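Okay, here's what each chain looks like letter by letter:
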Amino acid sequence: MTAPLLSARRLSFRYGEREVLREVDLDLHPGRVTILLGPNGSGKSTLIRVLSGVLPSGGGEVLLAGRPPGSYGRREMARLLSVVGQDPPVDFPMTVAAYVALGRFPHQGLFGGTSAADREEVERALVVTGLDLLRDRALPEISAGERQRATVARAIAQGARVMLLDEPTAFLDIRHRVAFYEIVTRLAGTRGVAALVASHDLTLCAEYGERIVLLSEGAVASQGRPEEVLTPSSIRAAYGVAVACDRNPATGAVRVTPLRGTLAGDNLPLHPPKDQECPPEGESVRVDEGKEKR
Amino acid sequence: MTGGAAGRGSRAVFPALVAAFLGALALSAATGPVAIPLRKAVDALLHGGDDTPARVLLSLRLPRALLGALVGGALASSGVAFQALLRNPLADPYILGVSGGAAVGALTVALFLSADASAALPFFAFVGAALSALAVFLLARRKSGVSPERLILMGVVVGAFLNAVIMLMVTLSPPGKIPGALYWLMGDLGLGTPRRVAALFPYVALGVAVLLLLSRGLDLLLLGDQAAFQTGLSVERVKTATYLTASLLAGSVVAVSGLIGFVGLIVPHGARVLVGSGHRRLLPAAFLLGGAFLVLSDTIARAASPAGELPVGAVTALAGAPFFLYLLRRNGGRS
Numbered sequence: 061m062t063a064p065l066l067s068a069r070r071l072s073f074r075y076g077e078r079e080v081l082r083e084v085d086l087d088l089h090p091g092r093v094t095i096l097l098g099p100n101g102s103g104k105s106t107l108i109r110v111l112s113g114v115l116p117s118g119g120g121e122v123l124l125a126g127r128p129p130g131s132y133g134r135r136e137m138a139r140l141l142s143v144v145g146q147d148p149p150v151d152f153p154m155t156v157a158a159y160v161a162l163g164r165f166p167h168q169g170l171f172g173g174t175s176a177a178d179r180e181e182v183e184r185a186l187v188v189t190g191l192d193l194l195r196d197r198a199l200p201e202i203s204a205g206e207r208q209r210a211t212v213a214r215a216i217a218q219g220a221r222v223m224l225l226d227e228p229t230a231f232l233d234i235r236h237r238v239a240f241y242e243i244v245t246r247l248a249g250t251r252g253v254a255a256l257v258a259s260h261d262l263t264l265c266a267e268y269g270e271r272i273v274l275l276s277e278g279a280v281a282s283q284g285r286p287e288e289v290l291t292p293s294s295i296r297a298a299y300g301v302a303v304a305c306d307r308n309p310a311t312g313a314v315r316v317t318p319l320r321g322t323l324a325g326d327n328l329p330l331h332p333p334k335d336q337e338c339p340p341e342g343e344s345v346r347v348d349e350g351k352e353k354r
Numbered sequence: 101m102t103g104g105a106a107g108r109g110s111r112a113v114f115p116a117l118v119a120a121f122l123g124a125l126a127l128s129a130a131t132g133p134v135a136i137p138l139r140k141a142v143d144a145l146l147h148g149g150d151d152t153p154a155r156v157l158l159s160l161r162l163p164r165a166l167l168g169a170l171v172g173g174a175l176a177s178s179g180v181a182f183q184a185l186l187r188n189p190l191a192d193p194y195i196l197g198v199s200g201g202a203a204v205g206a207l208t209v210a211l212f213l214s215a216d217a218s219a220a221l222p223f224f225a226f227v228g229a230a231l232s233a234l235a236v237f238l239l240a241r242r243k244s245g246v247s248p249e250r251l252i253l254m255g256v257v258v259g260a261f262l263n264a265v266i267m268l269m270v271t272l273s274p275p276g277k278i279p280g281a282l283y284w285l286m287g288d289l290g291l292g293t294p295r296r297v298a299a300l301f302p303y304v305a306l307g308v309a310v311l312l313l314l315s316r317g318l319d320l321l322l323l324g325d326q327a328a329f330q331t332g333l334s335v336e337r338v339k340t341a342t343y344l345t346a347s348l349l350a351g352s353v354v355a356v357s358g359l360i361g362f363v364g365l366i367v368p369h370g371a372r373v374l375v376g377s378g379h380r381r382l383l384p385a386a387f388l389l390g391g392a393f394l395v396l397s398d399t400i401a402r403a404a405s406p407a408g409e410l411p412v413g414a415v416t417a418l419a420g421a422p423f424f425l426y427l428l429r430r431n432g433g434r435s
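From first to last, the protein sequence lines stand for chains H and P. Each number in the numbering used here comes from the position in the first sequence (counting from 1) with 60 added on. Each number in the numbering used here comes from the position in the second sequence (counting from 1) with 100 added on.
Hints were generated in silico from the structure; no laboratory data involved. There's no promise every hint is true.
Unchecked claim - Listed next, with one range per pair, are the computed distances between beta-carbon atoms:
1. A230/H with R380/P: 31 to 39 Å
2. R241/P with E77/H: 21 to 29 Å
3. M267/P with R78/H: 43 to 51 Å
4. M267/P with A177/H: 53 to 61 Å
Said to hold, decoys possible - So these bits of chain H aren't anywhere near chain P, every CB distance computed over 12 Å:
5. T62
6. R70
7. G101
8. P149
9. L193
10. R237
11. H260
12. V316
Every value quoted in this text rests on a predicted model; they were computed, and no experiment measured them. Glycine included, every Cβ here is placed at the ideal spot set by N, Cα and C.
Chain H extracted, bound-state conformation (with noise of 0.2 Å):
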């Protein structure tokens, strides 16, 4: 296996007294999806915010390139590694063409023109996000979906082999999600991009993530495939819900359903407590396919 593009080692932080992160090790390799999974609040947005420098760590190290990100310049680093946030829309009427440009920044600089290798990579972003159509429209006039797909496009065209994208298919239909997969493996597969993928949606997970981090409470609860991670235990003590894993019969890939009325209690709670009432795990692993509906 190469050397990772970007690693890190024991990596914290806190925000005051709160600890957000704890003693985090993540690898990310070059030409391989890896998905960043975790309930609300534990710590999948500050961990990218940290690795790409805006936050400061706390401890630890983070290598990128194998030279930690302080040593770089601010647009030689983001010629190595671009970042889809979650950031505030733009209320200013700047077209989505404009937009995706601005991903250029780091090869221009504040003074520089726009070359043509600039409008390629610019051009091939937009096509392959199936924004071509839409690049005259005004930011504010599109819907959120289509902001997002913008948003992936701009940190496209930036060109970067590192990207870490903070949920970004939070707002996208299941087709857009579907080829915003295709899209990151592809661009893996090609361009032999290291990507970190923080998402929610354990199935498209499961179906392209090649290597899986589970974040819990700041720390790693686990990490590894999607069969390793995937199990009804882990996913219980992260999430605090109950799931039935089994292997998707068209794929092969591990398939995740949440199990219906298995969070206790009359009032369901917002953040999974520490001794929640689960069924016990072999209940949870298998379902029968008829019954589940009722």
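For chain H, the structure is supplied; the task is to place chain P on it using the hints.
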């Protein structure tokens, strides 16, 4: 097209804007109680002249028109920069304390310096504007940088404090000392002498040039600080440079023309409708549109009240609001 054009017909926009800008200058120079034939005007422009029409043109009307063009252009450019910096389409050049500081500076002159101190007024107004802008910036700054929210918050706090100081100065001053300064605060281009225009020009040229150089950085600021940083921008450096430059522009303009409202807030929106949000096109378009708009407003003000002075600020709002409403509505309320 990656320059952020708004679409149809955008190629003809700049020639049209330049024509409007020059046309407004010409109209302003031609308007007034003394009729100046075109042949005489051309003659005066080329060779100078000593008769009344030539002197009216060269030392009164043209400086006033040029001052209007510089002030309007600078206010619009400064507004564009503040709106990008604060990611807020409602920002204007005065939002962060420049106006209050300038007012305190101007009133200080009126109160504490002798009667013929009107020459010192622009200088003190500029110092006041610069000091308050700097205070807002330093108060808003934290280790992690300057966030738009904190800038606005500190701008409001400093503005409220300066307003209290203004009230105090007005209340405690002996009668008769203040009206001149208050009138000046309403905004007026009457200070347009050739010397003033020449003094203002370098500030405006420098300020607009720096903003133009920063234009790609301003584009990126629209993404939000975090995304701009992750796209490779040295966010804090660009924000500091933008803030200082836009404040300098607003402060130097306030110093020679008082507080002319509306231009810095609305003209950027009109310019965005015409050329889109890319700052490389937006800044020049806003400068031309703002200059033309203010010169026209001043011409209207002079025509409407040849003797008494109708403040140009009243006209900018009166004539400008409907026009820009039309512009914005026609575009489906995009910006």
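The hints, checked one at a time:
1. Distance hint for A230/H and R380/P: a CB-CB separation of about 33 Å, consistent with the stated range 31 to 39 Å.
2. Our hint of 21 to 29 Å for R241/P and E77/H holds, since their Cβ atoms are close to 25 Å apart.
3. About 45 Å separates the C-beta atoms of M267/P and R78/H, a value consistent with the hinted range of 43 to 51 Å.
4. For the pair M267/P and A177/H, the supplied restraint of 53 to 61 Å holds, since their beta-carbon distance comes to about 59 Å.
5. No beta-carbon of chain P comes within 12 Å of the beta-carbon of T62/H; the shortest separation is about 25 Å.
6. No beta-carbon of chain P comes within 12 Å of the beta-carbon of R70/H; the shortest separation is about 24 Å.
7. No Cβ of chain P comes within 12 Å of the Cβ of G101/H; the nearest lies about 19 Å off, and the non-interface call holds.
8. Some Cβ of chain P comes within 12 Å of the Cβ of P149/H; the nearest lies about 9 Å off, and the non-interface call is violated.
9. Distance check on L193/H: its Cβ is at least 14 Å (rounded) from any Cβ of chain P, clearing the 12 Å threshold; non-interface status holds.
10. With a least beta-carbon separation of about 22 Å from chain P, R237/H lies farther than 12 Å from that chain, consistent with its non-interface assignment.
11. Taking the minimum C-beta to C-beta distance to chain P, about 21 Å, the non-interface status of H260/H holds against the 12 Å cut.
12. No Cβ of chain P approaches the Cβ of V316/H within 12 Å, the least distance being about 31 Å, so the stated non-interface status holds.
Checked against the numbered hints above, the structure violates only hint 8.
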